[in-house]
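Participant: Note that the protein sequences, when read in sequence, are chains A and B.
Numbering-wise, my numbering puts 583 at position 583 of the first sequence, and it's gapless, one number per residue.
Numbering-wise, my numbering puts 836 at position 175 of the second sequence, and it's gapless, one number per residue.
Just so you know, these hints were derived from the structure itself, not from any lab.
None of these values were measured; they are calculated from a predicted model.
Treat the hints with care, since some could be wrong.
Claimed, not checked - 16 Å max Cα-Cα, derived EDC-like pairs, lysine to aspartate or glutamate:
1. A:Lys19 to A:Glu302
2. A:Lys552 to A:Glu521
3. A:Lys326 to A:Asp16
4. A:Lys170 to B:Glu1004
5. A:Lys19 to A:Glu327
6. A:Lys170 to B:Glu919
7. A:Lys103 to B:Glu1004
8. A:Lys130 to A:Asp248
9. A:Lys552 to A:Glu505
10. A:Lys563 to A:Glu521
11. A:Lys269 to A:Glu197
12. A:Lys103 to B:Glu919
13. A:Lys628 to A:Asp378
14. A:Lys103 to B:Asp1003
15. A:Lys100 to A:Asp166
Said to hold, decoys possible - Just so you have them, the derived chain B footprint on chain A, three or more residues with Cβ under 8 Å:
16. 153-165
17. 173-186
Glycine included, every Cβ here is placed at the ideal spot set by N, Cα and C.
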Amino acid sequence: MSGDPIVRLQRTRTEDRRKAVLETAWLHNLQAPAWHSPADELFVEAGQPFVTTGSDEVVLLMLKRGTSAALEHAAELGHSGARVYVLAEQEWTPAGTALKSVKRLLVRRLAEVPASGLVVGDTAALWCGKASAWRLALTPAQATAFRQIFLRIFWHDAVDEAWSTDGRFKFTPAQVRPFDVPEIAIDACVRRVPAGETLRAHHSHTHALLNAGLPGDASLRRLWMPPSGLQTGRLRHLLDAGCSVTWDECGLPDTTTDGRTGALLLAGKGMRLRLELSTDQAAAALRVLDGPAAWSLLAGLEIGAFAGKQVQFWLPAAAGPSALSKEQRIEVSTLHPAELRDVPCAAPSTWPSPSALALNVTYTWDVIPPAVPNGAQDDPLVGQWRNVDRGWEKRLGVVSNALMSTSGVRASIGQAFKRLMSALMGFERAESRLWTELKALEAERPSAVGPVGASRLLDQLGRLEDDIGKLHDDLERAQRKAREDVERERQRAEWEATVTAAKRELPAKAAQLAATRADEEQLQSQLEAVEAGLAEEEDKAAKKDLKARRHKLSDQAKKASRKARQLDQQIEGLQRRIKAPFTYRPQPVLTAKKAGKASRFVPAAPKKVIKAIPEDALPAVGALRKYKGRRYLVIDDWIDLEQGEAEAARLNAELVTRERA
Amino acid sequence: MERFAVFAEMAWLERRPEIGLLCRAARENGDQVSVALVQSVLPGVADAGAANIIQWCQLLEVCDSQGGLTALGEDVAETDHAPVPEQGVYSCSMIAHPVLGRRLLAADRLAPSRDQRFELVQPLRLPPDLGVTFTSARDPSERFILRSLPSNHAEVGVLRQPTQATCRLRWTLDFTNEEDIWRLDGSIDAARTLLPIRHDGETADLELWKLAETWGRGPLSAHGRWLPETRELAVPFTQLSATEQESFHKSLHLDEVEVPGLGRYEKVNLEDVPICPASADDAQQWAFSRLLRRLTTQRRYRSRGEIRQLFASLTEETPLEGFQPVLPHHQSLVADDAVSDDEALYWSLVASVDLSPFPTDLDDLSALRVGAPAPTPSPTAAGLVRVPYRGGWSMQRLVDALLGGALPRDILLCDRYVRGRANLVALRLFVEAIRAVIPNQQLNVWTREDGADFQAVESLTGRRPRAYRQMFGNGHPHDRYVLIRPQTGEAFGWHLTNSPLHARADVAEPNADTPLRWKDLAGSRVTPRSLAPALRGWLEGGAQ
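So here's chain A without its partners, still in its complex pose (with noise of 0.2 Å):
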C-alpha cells in the first residue's frame, strides 16, 4: 500500500448493446410526411364555409371551451337576424368575441357541453376530435337527435343565463323550465353517454380510433391508439392477431366503423356524446383510418439495426417517445464494503438493466471505505492512558515547582547567613543533579511507553522525588542552625550590657543611701526635742507653734525613711544582676493552626495523582474509538493499514477510517 489517504473511491464499467431486442414498442418515423386528410365532404375539416338549408332565424350553437369555427357561422348567422341560443360552459361570456354584437342572443351555461355544435334549421353539424379539428354534417335524424339533446341540457341542466342589452351580458340563475324536454333514447343516434364509457368496436368493425382505453374482443384490422407505455401486452395480442396498431395526430375523436356503420364518441369529463354514423360517415371514416400514420407498434426489433435513423421509440412502460441513445451512463448504488482491506476492488454484485434504446451502457458506481460511526467516542483505553500521562504531568509540575523552590530557599540562607556559603555550595550541587533528571523525566510519556515502561517511569519519578524532598531537609536544618546561633549571640550582648550598667549605678545609690539615713537620723532628734519642748512649754501660742513643729518633723522623718527603703531595693536588684549569669533562651517556635500541614517546607509529592497504569498499550497507528460498545481503530492512511490491522486484532477493534463529513 502506498501513502495515500483513505477516501471514497469511484470506478467504472463499459459494455456494447447494438445486440439487444426490443419485444415490442411503438416506433416513430420522424421522416414520414405530415398527417393529410384523405376524407370528403361527410367529414370536412374545420374552416370550411357552413352552408343551411330550411329556416335560418332560429341558430342553436352549443359551445365547448375552444371551438371558434362553430362561433363564427353562428355570429355570421346572428348577424344576418337569427336569433342564436347558445349553450356554453361556465366562465365562458360572449364578450371579446363575434357574438357580442349579435342582437339577438341568449346564452346559457353549465359546467360542461358534450360537444361543439350547430343547429340551423334542417342543417347541423358537429365540431370535434382534438382542437375541434373536424366538423361532421349530421343526417337529418342526428340533427333531429343533437336538437333535442340541445333542447334537453338548455332547459334543463343551464344553471346561468344573459342575454344582450346593449351588448353587455348580465348572468343571472336560468329561470326555470317552461316545459319538460323528453329524455333522449338510450338507442338515438346521438346521445348522451356516462364519462366512463367507452367505444367498444363491434364486432363487424375492422377499423377503430381510441383516444384512450383499449377496443373490445372485435377483430380490427387496424387500430389506430395514442402511443404510450402502457397497455402493449394487449396490443401484443392484437399485433399477434394480425391488427395493424398505428396512430397518427388526424384529430379525430373515439371512432370505430367497418366502412358501413360505425360510431363517434366525443370526449368529456361529465358525459361524452355518442353519434352512430350513417352509411355514408362511415365510409368516409374508413377512408381517414385507412391512410398512412407515422406511428406502428412493432415487435422483435434489434436496436442496432436502427442506429443513425430519424426515428423514435416508445417503450413499454415509457412516460414518453425517446430516440436511440449512442451510449447511456449507470450510476450504480454505491459500494459500503465492511472490511478496509476490501475496498480497492469492490465492484456490484448486480448490475443494474440500461435503457432498451441503449447501444453502449456504461456503468460508475462510488465505494466508500468503511468509517467509524458518527458519534464515536475515545475507548476508555485512551482515556486511561490519558489520565496517566494527565497524573505524570502534574507529579512533574509539583517536582519541578519544588525544586525550584529549593532554589529560592538556597539563595535566600546564602543572603542571610554568609557564614553558611560552603555548606551551600554542597546544596547547589545536589540541586543541579536533580534538574538534570528531572528534564529527563520530562522528556518521556507514560503512555508512549507502555504498561512496563510507564512503571519504570513512575519509578524513578519516586526516587526523584525523594531526592527533593532530603535536599530540602538539609537545607531546612542549616537554616535553623544558623538561625539559633546568631540570637545566642544576641542576647549575651543583651546581658553584658545589663551587668556593665548595673554596675556603673550601683555606688551612685549607696551614696544616696547614705544620705538619706543621715537626713532620718537628724529629723529624729528634732522631733525628739520638740516632743521634750512640748512637754515643757506652757505658753499657748509656744506650744501650739511647737505641734507645728512637731507635725512637720515627723512628715520629713517618714519620708526620708520611705526614701531608704526604696534606695535599699534598687541596691539589692543591681547587685543582683550583677551577681547573675548568662544564660540562652531559644526564640520561641511560632506554631500554626494545623502544624501538620505546615510542618514540611517543601510539599509533598502526589504520588496517588497517577491512576493504576492500563494492561494494554495505546495503538501504535491510528486512533482507538469506541461507539455503542464497539471499538475501532481509525487510520488516515493506506499506508498504516497493515500495522493498523494488527493493533486492530491486539485490541479487539475494527479497522476504520475517519468518519464521513
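Dock chain B against chain A, hints included.
Facilitator: Using the frame of chain A, we list chain B on its own:
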C-alpha cells in the same frame, strides 16, 4: 248642531220588566192589550185594575186608545225598557238633516232657577221630532222620547246655549251588497267638556241600483256609459289605470249627486264602480295590457300553451270576455314593440317556442279568440292529441283519445296540482271516463303533497296517491303525464302540455260525457325510453 234649554215633557226608557212581559204577551195575542190579557199576565187583578193598567199603557203610548200595540210597545216587548214620562227643563243638543230628521243627540235635566231672563228666550221654529225614540250620542244605552213641548200660543221658546260641538254624517252606499248605512261622528257637549259622538249606524233603506241608474243618466255619464243590465260602467281603455284594469273597478269623484228625497250631496266619492270596456277595441287593448303586465311582473319562460292559457284566464269570466278579445299570433305578439323592446320579456316568449320539444302542430301559434270555439284543427298526426279551445270535448272523449283503443291494465296520472275542489271534480270525471272503458279501474296519481288532500283523491281513484318528493326527489317534472300499461301490447305514455284536471263544467253535476270548457291541452305520445327514470320505471312495471 243646536244647543238650547227648553221646557218639555220627556220620557226616559227605563227597565220595566212587568210592562215588557205585558207587551210580549200582547204581541203573542194579536198585538192587543186587553183586560183578559192583563189578567192572564197578572193573575188576581180585577177588571177595574186591569182597565187601569191599560189606561196607563195608553198614557205611556205602548198601546193606542184601542189597546193596539204600538211600535213603542213592540220595542218594549223586545227590550223590557218602557218610557217613564216626566216634565221639566232640559238642555238639548239637536241636529237636523233630511236623512235623520230633527234629532236630539242628548238631553240633560236642568235645575230650576230664577234668573229672570225672559228677554233671552227665543222661539224654536223647527222643534225636534216628537214621539221618536232617540238614543243618546254620549251613551247609547240611554234612550229617551220627546213627548211634547208645552208652550203658550203654540210657540216654543228656548234659551239658546253656546256650543263647540260638531257632528258629521257619513253615508255609505254599498251597491254590491245593496245596503246603505249612515253614521254620525264628531263631538257633543257633556259637563264642561266635549265627548266623542257614539253612534252605531242606521240605514235609509235605499234602492241602490235604481239610484245608480239615476246617477248613470246624470253625473256618471261624464265618466262612461252606465249599463243597467250588467250594472257596469262602460269606460274607454285610455282612462284606466293599471289597478283599475286588474280590478275591473274604478273610483269616481262626482261633483254633486242627488238622493231623491234625501238631499243633494257635493264632492261624492264613488268607489269600486264596476267597469267594463266601452268597445271591442277597448276590450282588446285592455286584455293585451293585462297580459303584458302579468308577463312582466311574473317573468319566467312560458310556453305558447301557457300564454294562451294565461290570456284566457285573464279575460274569461271578466267583463272582457263578452268582447271576445284576441291573443295575437305568436309572431305578432313578439313583434309588438312592448315585447320586442323588453329583452327579458321577449326571450321569455320566443325561447319557449323556438326551443320547444313538441312537434310544431302541438304548439298552437295561431291567434286565440277568447270565448269563441277554436277552429277545428286539422287532423292531428298519429301520436298527437289536441283538445281544441272551447271545442266542447267531454272528459270521455279525451280519455278515449289517450287510450287509443287500448284496454288499460293500469293508468298513472302524473300531475303536480291534484288539489282544489274544481280539480277534484275534473279528477272524478277522469276516473269515470276510465271506468266507462274498464269498470272499477283504479287510477294511480302522483302529485305534490303540499295542499293536496290525499284521502279525497284516494276516495275518487281507489288508490293512495304518491307524493312527488317520494317518487322524484327534488327533480319534479314540470309537465303532466298520463301513462298507460295496456292489457296487451307495449306500454306508452302521453306528455301533456296542460293538466286534464283544468277542464271545467258549466253544469252543476257533470258526468264524463258532459262537454267541458278546456284550457289549451295537447299531448304527444311517448315511449318509456324518453321518460324520466321514475316514470319509465313505472311504465316498465318497476313501480307500483
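Participant: Decide, hint by hint, whether the structure agrees.
Facilitator: Hints versus structure:
1. A:Lys19 to A:Glu302: Roughly 6 Å separates the two Cα atoms, so the pair holds.
2. A:Lys552 to A:Glu521: 15 Å, holds
3. A:Lys326 to A:Asp16: 10 Å, holds
4. A:Lys170 to B:Glu1004: Given that 16 Å is the threshold and the Cα spacing comes to 12 Å, the pair holds.
5. A:Lys19 to A:Glu327: At roughly 14 Å apart (the allowed maximum being 16 Å), A:Glu327 and A:Lys19 satisfy the hint.
6. A:Lys170 to B:Glu919: The hint is violated at about 60 Å.
7. A:Lys103 to B:Glu1004: Holds, because 10 Å separates the two Cα atoms, which is no more than 16 Å.
8. A:Lys130 to A:Asp248: 12 Å, holds
9. A:Lys552 to A:Glu505: Violated, at about 33 Å.
10. A:Lys563 to A:Glu521: 13 Å, holds
11. A:Lys269 to A:Glu197: The hint holds at about 11 Å.
12. A:Lys103 to B:Glu919: Given that 16 Å is the threshold and the Cα spacing comes to 61 Å, the pair is violated.
13. A:Lys628 to A:Asp378: 12 Å, holds
14. A:Lys103 to B:Asp1003: OK: A:Lys103 and B:Asp1003 at ~13 Å, within 16 Å.
15. A:Lys100 to A:Asp166: 10 Å, holds
16. 153-165: holds (count 5)
17. 173-186: It holds: at least three residues are needed, and the segment 173-186 of chain A offers 12 whose Cβ sits within less than 8 Å of chain B.
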